[in-house]
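> For reference, the chains in residue letters:
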Amino acid sequence: MQSSWVPFVPPSASTLSGKVDALYFYLSGVTIFFTLLISGVLIFFVIKYRRRNPYEIPRPVAGSIKLETLWSVIPFIIAMTMFAWGAQIFFEQSRPPSNAVEVYVVGKQWMWKIQHTTGQREINELHVPVGRRIKLVMGTEDVIHDFFIPAFRIKADVVPGRYTTLWFEATKAGRYHLFCAEYCGMNHSGMIGSVVVMEPKDFDEWLSGSSSQQSPAIAGQQIYETLGCASCHGPTGEGGRGPALAGVFGRQVFLNNGQNIKADEAYIRESVVNPQAKLVAGFGPIMPTFQGQVSEEQLMQILAFIKSLQNQTPEPVRAASPMPAPSGMPSVAPSVAPPPAATPGTHR
Amino acid sequence: METFVPPVPSRINYINAQYGLKSWLLTKDHKRIALLYLGSISFFFFIGGLYAMAIRLELLTPQADLLQSATYNKVFTQHGIIMVFFFLIPSIPATLGNFLVPMMIGAKDLAFPRINLLSWYIYLLGGIVTIYALLAGGVDTGWTFYTPFSTTFSNSYVVATGLGIFINGFSSILTGLNFIVTIHTMRAPGMTWFRLPLFIWAHYATSLIMILGTPVIAITILLLAFERVAHIGIFDPAVGGDPVLFQHLFWFYSHPAVYIMVLPGMGIISELIANFSRKNIFGYSFVAFSSLAIAVFGFLVWGHHLFVASQSVYAGMIFSFLSFAVAIPSAIKVFNWTATLYKGSISYDTPMLYALGFIGLFTIGGMTGLFLAALAVDVHVSDTYFVVAHFHYIMVGGTLLAYLGGLHYWWPKITGRMYPEVWGKFSALVVFIGFNLTFLPQFLLGYMGMPRRYHVYPAEFQVLHVLSTAGASILGVGLLMPLVYLMWSMRYGRTAPGNPWNLPGLEWRTQSPPPTENFDYTPVVTWEAYEFAPPEETEVVGKFQDKVPEKV
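As you go down the protein sequences, you meet chains A and B in turn. Here my numbering is used: position 216 in the first sequence is 216, and no number is missing along the way. Whatever position you read off the second sequence (first residue = 1), add 1000 for my numbering.
Please note that the accuracy of each hint is not assured.
Quick list of in silico lysine-lysine cross-link-like pairs, DSS-like style, CA-CA up to 27 Å [unchecked claim]:
#1 A:Lys172 x A:Lys19
#2 A:Lys135 x A:Lys172
#3 A:Lys201 x A:Lys135
#4 A:Lys172 x A:Lys201
#5 B:Lys1022 x B:Lys1074
#6 A:Lys48 x B:Lys1343
#7 B:Lys1074 x A:Lys108
#8 A:Lys201 x A:Lys113
#9 A:Lys48 x A:Lys66
#10 A:Lys66 x B:Lys1343
#11 A:Lys48 x B:Lys1028
#12 A:Lys108 x A:Lys135
Only some residues are given here: those of chain B computed to face chain A with a beta carbon under 8 Å [as the list claims (entries may be wrong)]:
#13 Ser1023
#14 Tyr1146
#15 Val1334
#16 Phe1335
#17 Tyr1342
#18 Ile1346
Hints in this document: simulated from the structure, not taken from any laboratory. Everything numeric in this text was worked out from a predicted model, so none of it was measured. Beta carbons are placed, not taken as given, at the ideal position from N, Cα and C, and that holds for glycine.
Using the sequences and the hints, build the whole thing.
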């Protein structure tokens, strides 16, 4: 584990970590300043005004609205600088860039299961290249976990029934800690692993070196067919008795209660496990629930499949559409593009 | 100087007024009930302390050698539950508060003496149920009981422990109720609101939180139990619930509960700083109202525990802003305490050493709270040792030090005996050093990324863990000393006069220990709080100060 140049600060290996450190140093500076100021004044008074004879009675001292105002307003202003600075970085780290490469993460007692859009699976290890934005889409099979990479200064709870996301751009190759930071039961402290940051060239080698596995989108398509989704939503999501799925991800959906919402990961997940919750306008409540029939991983694969239908028009089904195209594969990374064999539809 | 001579001590006091176990177990005297509480919370503190030692010993090495995972998880859970619910929350209010609230306002007892006794029995029942749960097999959910682990996955005594905490909550509510009614209705003639000692203001604010907040944790625990037993679907997403809802409910109480723990401590510090420097407190009304401000704002900041728990970004920002705002009243207190020392006559008695230690440690605890309120830094340090260090600075460096300071300060009043001063000073110093050595390294560990609730950890964290454990051993010794010499002093200590510190407060204007009715006659208050010298002598020293003295 590399250490940084400042003692007691973890390695700094993402575009974010320097920003968080800067705020941390500012906060530390203010804390040390005020602690020294107060203890200094305290010690000075305690020595200077020590009781010199047991009978002395000091004269009372008048209060001061001016001083009270001063020492309310100044700390408030300082606090607001901290608030604004912290909120600004937080806002940035909470909004994944649209061109990030997705990686699917499922937590379960007590391991992290990770799958890349290109199909590679990992357990308790996450390989990522330097200089590429990565977005983690995370779910859990059981309890709340928390994906924590100290070197990147990021963490997020992984909550049952929801998807949470994290994003980062690694800046320095190396092997870094991955911790589960939310207490999750007996082997909580064993739910650790590594994030391996590699130079892009090495990463590509790693990708091609690992045995080729089904991409999540293709696995998702198989689940889609096995579960009979196609009978209502159409073999390629063109719709039928159920609403069309092709191109739905990221769009506005009109519901039969008059609302319209964005079809994001959470909505699609909910529509599989609890289809009656938000019905698309014009469709009846005929879909059964798949709660308990699909695992979190399978849900993510279905999600990946639905996302892969993005750029297809419903009709030309078997056209050699460029595959799983996770929403926004960055153009700088042609090497991550899946092998040609991995095109949906060719895999039956 | 003017001395505040208490009435000639009679030989009958609240301790020797009656004898026999029954006279204690059926007492309605707030002072005796305070002693019952003192005994029981000391017992729980001792148990919680044993758990703490087990934790620190296990963390000496990066491997699991002393405790295996299942045991370690129970040990840190039970340390938290015992310390929070059975020591810290009742600590100051139920002992020193119980003893002193009536005495400081010149009342004979609390408004509802029977309810006061009932609250102790409820506390005891809650404690027994919890101890049963611990002996039967313990609980491993963390003191926070997060769902769905606690409802669906944990194989430990969750419901029994929850029941113990649920029952215990009622004792807290009853104590708060009693204090509020007492402070409103039973002040001695002349004891106006702005003549109240700040200890009373702090207890008033605390009581508000106890009454308004505790029912929420009671409801939350009930829901948790229903969910665990009957799977009704409040918190389980598979049946339409929301696991994060539990965290909202839990912290809606448990964050204000932090102020239940620390506000009474602040009240004690105000007493100690003013009395041991023989000065009126600087900015009395600011210190008094800051307690109320903390109590009110404290209810609005629970979401800062959920910054990484998939809460919305905008909710996070609002909670962050409010959390910074709640820091200001605490800062006001620290500045006013410091200013009170100015031109005072400062003694170095043991209680004052604790008070000075409190100000330093509370400053660090409060300032590191700002790290956790700052969103981006919190994302990195939440659920790490940084959080552990921060709240121990507030709970131990703040509440426990204030409690010990207060215990020494009022010990002569409570027992009629002086504690040994040299031992007192020595133990205060040992506690201060041991405490800092224990918890300062944990801030560093936290920023380095050491997650909390881990007993197996990467080797690079070991040095700091060893330092922390070394500090904990010193702290342990420092805390054992008062246990021994205070008990020793009850029998062998120098007999205390009614007013050993020569102070103006009402509780010092009666004999030590006080008679059952506290005062031989109803006191009539004609002086301001902390009035060592007549207000006419008030000095306007700087150009900053008000032209008219504050209290004339």
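> Each hint: holds or not?
Going through the hints against the structure:
no.: 1; hint: A:Lys172 x A:Lys19; in the structure: holds (15 Å)
no.: 2; hint: A:Lys135 x A:Lys172; in the structure: holds (17 Å)
no.: 3; hint: A:Lys201 x A:Lys135; in the structure: holds (20 Å)
no.: 4; hint: A:Lys172 x A:Lys201; in the structure: holds (14 Å)
no.: 5; hint: B:Lys1022 x B:Lys1074; in the structure: violated (37 Å)
no.: 6; hint: A:Lys48 x B:Lys1343; in the structure: holds (8 Å)
no.: 7; hint: B:Lys1074 x A:Lys108; in the structure: holds (21 Å)
no.: 8; hint: A:Lys201 x A:Lys113; in the structure: holds (24 Å)
no.: 9; hint: A:Lys48 x A:Lys66; in the structure: holds (25 Å)
no.: 10; hint: A:Lys66 x B:Lys1343; in the structure: holds (19 Å)
no.: 11; hint: A:Lys48 x B:Lys1028; in the structure: violated (47 Å)
no.: 12; hint: A:Lys108 x A:Lys135; in the structure: holds (20 Å)
no.: 13; hint: Ser1023; in the structure: violated (39 Å)
no.: 14; hint: Tyr1146; in the structure: holds (6 Å)
no.: 15; hint: Val1334; in the structure: holds (6 Å)
no.: 16; hint: Phe1335; in the structure: holds (4 Å)
no.: 17; hint: Tyr1342; in the structure: holds (6 Å)
no.: 18; hint: Ile1346; in the structure: holds (5 Å)
The structure does not agree with the numbered hints 5, 11, 13 stated previously, though it agrees with the rest.
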